[in-house]
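J.: Below are the chains, spelled out letter by letter.
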Amino acid sequence: MSTVVGLTGVTKEYPGGVSALRGVDLTVEEGELLGIVGPSGSGKSTLLHIIGTLDRPTAGSVHIAGHDVAKLSDRRLSALRAQHVGFVFQAFHLVPGVSARDNVAEGLLYSGLSRTVRRRRAAAALERVGLADRLDHRPHQLSGGQKQRVAIARAVVGEPALLLADEPTGALDSASGAAVMELLRDLNQEGATIAVITHDTEIAGRLPREVRIRDGEVVADTGDAVSAHGVGAAR
Amino acid sequence: MTRRLKAARLGPRDVLHVGSAGLRSRPMRVVLSALGIAIGIATMISVVGISASSQAQLLRELDKLGTNLLVASPGESMFAGEDVKLPEESVGMVGRIDGVQDVGATGDLDASVRRNEKIDEGDTGGIVVKATTEDLLKVLRGEIGSGSWLNDATGRYPSVVLGHVSAKRLGITGPGRQVWIGDRYFTVVGILAPLPLAPEIERSALVGWTGAKRLLDFDGHPTSVYERSTDASVGDVRKVMGATVDPRNPQNVKVSDPSSALRAKAATEGAFSSLLLGLGGIALLVGGVGVANTMIISVLERRYEIGLRRSLGATRGQIRIQFVTESLMLSGLGGLAGVALGATATGVYAGSGGLPWVVPLWAVSGGFAATLAIGTVAGLYPAIRASRLSPTLALHAA
Ligand SMILES: Nc1ncnc2c1ncn2[C@@H]1O[C@H](COP(=O)(O)OP(=O)(O)OP(=O)(O)O)[C@@H](O)[C@H]1O
Ligand SMILES: [Mg+2]
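These protein sequence lines are chains A and B, in that order. Numbering of the first sequence is given in this note's numbering, commencing with residue 1 and proceeding in unit increments. Numbering of the second sequence is given in this note's numbering, commencing with residue 1001 and proceeding in unit increments.
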């Protein structure tokens, strides 16, 4: 088992004096599925952005897939995201007017694969999320749950070391939301490492590991034991 | 699991693909913002094209008329008012110069030409009566508009051929009419077609050489000697012509090349109006500002897309390339449309004026290069802004 995410003393202060994160330590091992919960404004999205290298901390260190993020240039950081991290957003962010298959293939655009390979893998990823019969549908021809499954296919098509989802069920009704969570659980069963932000404590309670955040601090982590062991094992 | 981190390059096809994505989703905006550039380029292409077409027409005409014609005429006399004429035998002498093919001559007469005897003698209407040798028409490569040229028979009787300007001024439209020259009526036997190389003949009434001697007291001294030589010998002929025409006073002989005036005219036709060109340039600049504006709006509208691409692994450079490509395509489309429009406008102008259709390649490539330069400049600032957007800011809840 290897460490996918290693945060130590991560602090994020926004200009204007808002401290969104204060000294967060978090370790995620390969194959984990964890839920990040907490009240609105507690710093969940900020934490996810930092884990996903979309943002840098003001203090503390971030290791993703063995790389020290602080030491990476924009180009290398971008490569890290292209190769190791997949994102799923509450608002889907699919490209309108473009087929489901091409939307998913866009997830491999910056990976250096040829267009033919990208489209072939996109078809396979859509099949994996149960949308084999919707390859040529445009986003406006899909339901909310289907759109989110397309977005998940786009996030996993590159087989990232880490899948990050910020309230993936936030814009969905409970049935579609449950189906999306089921899909994430299946992907985790197949080996994917996944971190999900959710408001829904019921959903979070059913996940193998739950990290609670309040006012920028981790107040509870059901995976503490695992993470302590992981830190020891990592380099 | 630590793979080496190296950002992958986007292939040219992928760059075109991401660069055109924004355009494909908003065709109307593309048309409107490319329009300014299209108008600018179209103006410039048609200004250059129309003047090039007019010039080509003149050069083509010049080619037909030939550049191997020389005219010898008396120069400024040292004594004012002295009636300078060329020696009688000069025509024959010029004909013996190496390379000379045809020689013709005219001699100015004192007589005036009038519609009838009642019109005042001083009222010449700017028309000069000249005696002419029969070969003149051949030397000038002139053509008869209507009727016939002077020949041995008609040259001896009171008959006259009018230049087309003279005919118009006298109000004569065809042969058969009579005009009053000196003290008798002459019959108009022909009217010449326009002679671009010899405007002085267009404004003449031509009488045969022997007829003029008999009927109008012509002394047989030519005023102008026209010669046509081979193209290769024009320079040599020019050198010896003065001395050949008047061996005793070669300095009194002026030798001119009528085609040089036409060449000068062609050169000025080729110099297009810089005012119109400047207007085209302004339209192009305004078009460039329009493209820059469209690009800035496009970047603002697509913050989510930019954030998404960054999260998928796009580098700052790849975001910049995407938007510069978009801007280049936008202005390039305008440039293409402008070239097509300008070429069409030139074609319509040329077609209606019977001119050859010429759109210089340098104008097309120059115009297109200008569009690409404008596209790059207009796209650079928005592209840099796009690449500096924080990926998280771009992704904050929709
Ligand atoms: N770009 C920013 N500039 C300044 N302050 C910010 C910025 N982004 C977030 N914040 C602040 O940081 C804190 C944490 O925000 P964050 O978005 O991480 O909360 P969250 O837990 O995701 O909340 P929610 O559940 O409502 O999405 C908030 O107080 C927020 O106002
Ligand atoms: Mg949030």
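Source of the hints: derived by calculation from the structure; they are not laboratory data. Given the structure is predicted, the values throughout are model-derived calculations rather than measurements. Do not take every clue at face value.
Chain B regions said to be covered by chain A (calculated; three or more residues, Cβ under 8 Å) [what the hints assert, rightly or not]:
| no. | stretch |
| --- | --- |
| 1 | 1017-1028 |
| 2 | 1302-1316 |
| 3 | 1387-1393 |
Derived coverage of chain A by chain B (criterion: at least 3 residues anywhere in the stretch with Cβ under 8 Å from a Cβ of chain B; other residues may be distant) [what the hints assert, rightly or not]:
| no. | stretch |
| --- | --- |
| 4 | 33-39 |
| 5 | 48-61 |
| 6 | 66-74 |
| 7 | 131-137 |
| 8 | 187-193 |
Derived pair list, reagent style DMTMM-like, types lysine to aspartate or glutamate, alpha-carbon separation capped at 25 Å [as the list claims (entries may be wrong)]:
| no. | chain 1 | residue 1 | chain 2 | residue 2 |
| --- | --- | --- | --- | --- |
| 9 | B | 1006 | A | 13 |
| 10 | B | 1064 | B | 1143 |
| 11 | B | 1085 | B | 1063 |
| 12 | B | 1006 | A | 133 |
| 13 | B | 1254 | B | 1134 |
| 14 | B | 1006 | A | 68 |
| 15 | B | 1006 | A | 136 |
| 16 | B | 1064 | B | 1219 |
C-beta: ideal position from N, C-alpha, C; glycine also.
J.: At least three residues with a C-beta closer than 8 Å to a C-beta of chain A: is that true for the stretch 1302-1316 of chain B?
T.: holds (count 12)
J.: Under a C-beta cut-off of less than 8 Å, do 3 or more residues of the stretch 1387-1393 of chain B approach chain A closely enough to confirm the stated coverage?
T.: holds (count 3)
J.: Is residue 1064 of chain B within 25 Å of residue 1143 of chain B, Cα to Cα?
T.: holds (13 Å)
J.: Report holds or violated for chain B covering the stretch 66-74 of chain A, Cβ cut-off 8 Å, minimum 3 residues.
T.: holds (count 4)
J.: Three residues or more, CB to CB closer than 8 Å: is that satisfied between the stretch 131-137 of chain A and chain B?
T.: Coverage by chain B is violated here, the residue count being 0 at a Cβ distance below 8 Å.
J.: With the threshold set at 25 Å, check whether the alpha-carbon distance from residue 1006 of chain B to residue 133 of chain A stays at or below it.
T.: The hint is violated at about 35 Å.
J.: Quick check: do three or more residues in the stretch 33-39 of chain A have a beta carbon closer than 8 Å to a beta carbon of chain B?
T.: Result for this restraint: violated, n = 0.
J.: Within 25 Å, alpha carbon to alpha carbon, are residue 1064 of chain B and residue 1219 of chain B?
T.: With a Cα-Cα distance of about 35 Å, the restraint between residue 1064 of chain B and residue 1219 of chain B is violated, given a limit of 25 Å.
J.: Taken at face value, is the distance from the CA of residue 1134 of chain B to the CA of residue 1254 of chain B at most 25 Å?
T.: holds (23 Å)
J.: For the stretch 187-193 of chain A, does the count of residues with a C-beta closer than 8 Å to a C-beta of chain B reach 3?
T.: With 0 residues closer than 8 Å to chain B, the stretch 187-193 of chain A misses the three-residue bar; violated.
J.: Cut-off 8 Å, C-beta pairs, minimum 3 residues; does the coverage of the stretch 1017-1028 of chain B by chain A stand?
T.: It holds, with 4 qualifying residues against the three required.
J.: For a C-alpha distance cap of 25 Å, please report whether residue 1006 of chain B and residue 136 of chain A respect it.
T.: With a Cα-Cα distance of about 32 Å, the restraint between residue 1006 of chain B and residue 136 of chain A is violated, given a limit of 25 Å.
Of the numbered hints given earlier, the model fails hints 4, 7, 8, 9, 11, 12, 15 and 16; all others are met.
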